[in-house]
Amino acid sequence: MAKSSRRRVPRQPAKPLLSACMIVKDEEAVIERCLAALEPLVDEIVVHDTGSTDRTVEICESMGARVIRGEWRDDFSWARNVSIEAARGEWVLVVDADEVLVPTNFTGLRRLLREGDLDGYRAQVNNAQDVTGRTSVVHTSVRLFRQTMFRYSGRIHEQVVSIASHQVRVDAGEVLELDHWGYLPEVMAAKDKANRNIHLAEVSHQEEGTEKSILETARALSLGNEHERTLERLELIRDAEDEGVRHSALQLGVQIHSRMGHLDEALAWLEDLLSIGRSSALTTYLHGYVLMMDQRWEEAIAVLDTEHDVAASMAHGVSHSTDGARALIARCLVALGREEEGLDVYLDVATEGPLDMWPELLRVLYLRGEMDRAVPAFLGRDMEASGHRLRAALAMLVSCPVEVGDAFAEALYTANPGDRHALAFISMVGHRLPLDRAVTWSARARDVGLDQGCPLLRQADELTIPATQRVSASAAAMQAFGDGQAVGSLGRAARDLSDDEVLEALYTVGEVAPSALETFVLGVVTSQARALVMARALAQLHAEEQAVAVLRMGLEDLDADDSTAELRGMLGELESAGV
0 MAKSSRRRVP
10 RQPAKPLLSA
20 CMIVKDEEAV
30 IERCLAALEP
40 LVDEIVVHDT
50 GSTDRTVEIC
60 ESMGARVIRG
70 EWRDDFSWAR
80 NVSIEAARGE
90 WVLVVDADEV
100 LVPTNFTGLR
110 RLLREGDLDG
120 YRAQVNNAQD
130 VTGRTSVVHT
140 SVRLFRQTMF
150 RYSGRIHEQV
160 VSIASHQVRV
170 DAGEVLELDH
180 WGYLPEVMAA
190 KDKANRNIHL
200 AEVSHQEEGT
210 EKSILETARA
220 LSLGNEHERT
230 LERLELIRDA
240 EDEGVRHSAL
250 QLGVQIHSRM
260 GHLDEALAWL
270 EDLLSIGRSS
280 ALTTYLHGYV
290 LMMDQRWEEA
300 IAVLDTEHDV
310 AASMAHGVSH
320 STDGARALIA
330 RCLVALGREE
340 EGLDVYLDVA
350 TEGPLDMWPE
360 LLRVLYLRGE
370 MDRAVPAFLG
380 RDMEASGHRL
390 RAALAMLVSC
400 PVEVGDAFAE
410 ALYTANPGDR
420 HALAFISMVG
430 HRLPLDRAVT
440 WSARARDVGL
450 DQGCPLLRQA
460 DELTIPATQR
470 VSASAAAMQA
480 FGDGQAVGSL
490 GRAARDLSDD
500 EVLEALYTVG
510 EVAPSALETF
520 VLGVVTSQAR
530 ALVMARALAQ
540 LHAEEQAVAV
550 LRMGLEDLDA
560 DDSTAELRGM
570 LGELESAGV
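Under numbering that gives the first Met the number 0, residues 0 to 578 are what the sequence shown spells out, in order.
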């Protein structure tokens, strides 16, 4: 990330109205975006750095933030409270580095803080579930409060608690909105958040020993994909006295058993969950999903086919998008043979829905020969945003059957000739394309200057595919495009051929790329034994003169081995025949 060239000039009232308070560690990749979004609203930014080794502190200071250098003590609340206690503002806004404040009426919000009589306000936090920014989980949290009246409590999943001597008043609604990117799998992995959270949850449980601390440990383990250990903890609170803990534990248990393919266990945990009687979008989704796993398609549709407004489906401060449920309905309709109905639902949610629905949607469209229907639904209306979504979804489609991915890329390219996203996708699956399709896509890539995205070159150097296929690809690249890089690739592929594969490969090169024959032959002939193999292959194709040339080269230029006598014998026979 480039160093910011701007230096923020904070407002300087006698007493600041609003301070943004943060804890950070090694956040150089995201911190500038976070701070820039705060600038129009706050009077100061207080950053508690807990031991960064990258450019985080430098970036914060360059943007006018006040940085408190500290250490990490395995306690989120302590770290947050350090920044809050250092704040000079009457009000505090708590934000994380991987969050971005969504623009709103900042003037009106500041007026509310000056003139209102409440002590705290909630924020709506939109948790991105994939790199496109699609939000499927939303929760609310008290993030904006009077500096003297609240602090945080809890090592992990810390909560705001009152320290005031009187009853505090917090608005039940939300006055601001934050986009949160911290739960993306790549972010979790890069910062090792899963192991950090597991450690903190276990320490917290040792200190508290409550049902809630067991639940927090299970949640941390599930985010680290520690499924067996998660289930061990959940079994301890499957019948928890606290109904809220029991409900959350059963929801997580259904999810984990479903991920592991444990259908009977998922059904049993689901039955316990439904017996509690708490309705939420997540419970409805899990109910429908397990029924779908059990191939009870009609029942699943009946459960899922209910509109859940995000706000109305709030449970324990968390709401879930209904797009996932609607994608499941589409999947069930297709399974029932009601493809057109299923496609209508799929395409209706396709622009904003979960990316993992696309492989199944495209499979159905491919079998129906209607791949062009996917393009407008995929691209949507916001072309800038859809480009990011396109890259993410195409990366997911790499695991699809290559003919499905090829057909979708073709539809995208037809709708938008020269489309670089389609070309980038094809470069990822290029080693799996049939030769004729690889040639077509290679020409398209080269037409727009993407020579290195050429599928033929990808195939030529992909060591996981057969040497015969690599020979064909590199030879085709030489013949069609005169590609110098393909010369070396062809030589390497020819050397990797088994003796039994040489004849077939020789025939293919002769048919596909006659200009590459010499390079191919020289690549194969690395010893006298291989010279004999090549000479016999040439003779079988009635290229006796070329066979004689190879035999002579083997005898004159290569070290003697066990094939020397056979080379001489074959050369004598051909010369006697007048070749």
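Hints were generated in silico from the structure; no laboratory data involved. A couple of the hints might just be wrong.
Restricting the straight-line Cα-Cα distance to at most 20 Å, the calculated cross-link-like pairs of lysine to any residue (SDA-like) are [to be verified]:
{"no.": "1", "residue 1": "K24", "residue 2": "R109"}
{"no.": "2", "residue 1": "K211", "residue 2": "E201"}
{"no.": "3", "residue 1": "K14", "residue 2": "L112"}
{"no.": "4", "residue 1": "K14", "residue 2": "D95"}
{"no.": "5", "residue 1": "K24", "residue 2": "R245"}
{"no.": "6", "residue 1": "K211", "residue 2": "M148"}
{"no.": "7", "residue 1": "K211", "residue 2": "E173"}
{"no.": "8", "residue 1": "K14", "residue 2": "R109"}
All values derive from a computational prediction rather than experimental measurement.
Q.
So, against the hints stated earlier in the document, which numbers end up violated here?
A. Hint check: 1, 4, 5, 6 and 7 fail, others pass.
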